[in-house]
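Visitor: What follows is the residue order along each chain.
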Amino acid sequence: AQTVTQSQPEMSVQEAETVTLSCTYDTSESDYYLFWYKQPPSRQMILVIRQEAYKQQNATENRFSVNFQKAAKSFSLKISDSQLGDAAMYFCAYRSAPGTYKYIFGTGTRLKVLA
Amino acid sequence: EAGVAQSPRYKIIEKRQSVAFWCNPISGHATLYWYQQILGQGPKLLIQFQNNGVVDDSQLPKDRFSAERLKGVDSTLKIQPAKLEDSAVYLCASSLWTSGANVLTFGAGSRLTVL
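First to last, the protein sequences are chains A and B.
Going by the working numbering, the first residue of the first sequence is number 12, and it counts up by one from there.
Going by the working numbering, the first residue of the second sequence is number 2, and it counts up by one from there.
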């Protein structure tokens, strides 16, 4: 069975600085997708960034980028130029290959942005 | 486009009572998910629908939880009788279809407190 592990329950970053959130996963599948979702306090979860496992190039969305290491089964999120609005819970998620399409979420990392 | 609608946003009940949550996905989204998110944890899949058929309900406690998606559009999740450990946020999410990198769009969630 697939698992997703986020080992950092909480992280802090100074405004305008860079922070990296860690995620590791375990799977025997070769075809899958990885996601980072953001859940602001009392607000709904939204997609931050996604990565297809067959793509070697790391995904980038404005200030958000990932470091995808397939062999190491690692998928970290880097937030550059952190802003107060980045404060939220961040969840790493794995989506299974065709046939199940099951999403598995990690336990989350709470990011605090300090002014 | 309108987002995923959920109601009620908050519900407080006593143990052994029943409760129902409603979800209306984004128009045209064939896949609908119900997740349970206990405080401090990541979302856990309860049930996944493709149109009005069940794809995965392996983690749904069927002795007390039930869900339906009539006509392949909106969905209802019911808990009867509720237990203290059912206190959680119940998230509904939908996606266009399951193939490819189609992402989940989440509703705001329904927070249940069981006393």
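Please keep in mind that the hints were generated in silico from the structure rather than gathered at the bench.
Watch out, some of these pointers could steer you wrong.
As the list claims (entries may be wrong) - For each label pair, taking beta carbons as the anchor points, the in silico distance ranges come out as: (1) B:Arg17 x A:Thr71: 47 to 57 Å; (2) A:Leu95 x B:Pro82: 42 to 52 Å; (3) A:Ser53 x B:Asp57: 37 to 47 Å; (4) B:Pro82 x A:Ala82: 26 to 36 Å; (5) B:Leu85 x A:Glu28: 26 to 36 Å; (6) B:Arg65 x A:Thr29: 28 to 38 Å; (7) B:Gly4 x A:Arg121: 16 to 26 Å; (8) A:Gln68 x B:Ser67: 39 to 49 Å; (9) A:Tyr65 x B:Arg17: 27 to 37 Å.
To be verified - Residues on chain B that point at chain A, a partial pick, calculated with CB under 7 Å: (10) Gly29; (11) Gly43; (12) Pro44; (13) Phe107; (14) Thr114; (15) Leu116.
No residue lacks a Cβ here, since even glycine has one placed at the ideal position from N, Cα and C.
Visitor: Give a verdict on every hint.
Guide: Hints, verified against the model:
1. A hinted range of 47 to 57 Å holds for the C-beta pair B:Arg17 and A:Thr71, which are about 51 Å apart.
2. Against the hinted window of 42 to 52 Å, the Cβ-Cβ separation of A:Leu95 and B:Pro82 comes to about 43 Å, which satisfies the hint.
3. Distance hint check for A:Ser53 and B:Asp57: the Cβ-Cβ separation is about 29 Å, which falls outside the suggested range of 37 to 47 Å.
4. For the pair B:Pro82 and A:Ala82, the beta carbons lie near 48 Å from each other, so the given range of 26 to 36 Å is not met.
5. In this structure the hint that B:Leu85 and A:Glu28 lie 26 to 36 Å apart at CB is violated, the actual value being about 42 Å.
6. Hint check: B:Arg65 to A:Thr29, Cβ distance near 46 Å, so the stated range 28 to 38 Å is violated.
7. At about 24 Å, the beta-carbon gap between B:Gly4 and A:Arg121 stays in the expected band of 16 to 26 Å.
8. Between A:Gln68 and B:Ser67, the C-beta spacing of about 44 Å keeps the proposed range 39 to 49 Å intact.
9. The hint said 27 to 37 Å for the Cβ distance between A:Tyr65 and B:Arg17, and at roughly 50 Å that hint is violated.
10. Below 7 Å, beta-carbon pairs count as interface contacts, and B:Gly29 has none with chain A, the closest being about 17 Å; its hint is therefore violated.
11. Taking 7 Å as the C-beta cut-off, the interface hint given for B:Gly43 holds, the closest approach to chain A being about 4 Å.
12. Taking 7 Å as the C-beta contact cut-off toward chain A, the hint placing B:Pro44 at the interface holds, the least distance being around 5 Å.
13. Proximity of B:Phe107 to chain A holds as hinted, the smallest CB-CB distance being about 4 Å (cut-off 7 Å).
14. Using the Cβ-Cβ criterion of 7 Å, the hint placing B:Thr114 at the interface with chain A is not satisfied: the shortest such distance is roughly 15 Å.
15. The beta carbon of B:Leu116 is not positioned within 7 Å of any beta carbon in chain A (closest approach about 21 Å), and the interface hint is therefore violated.
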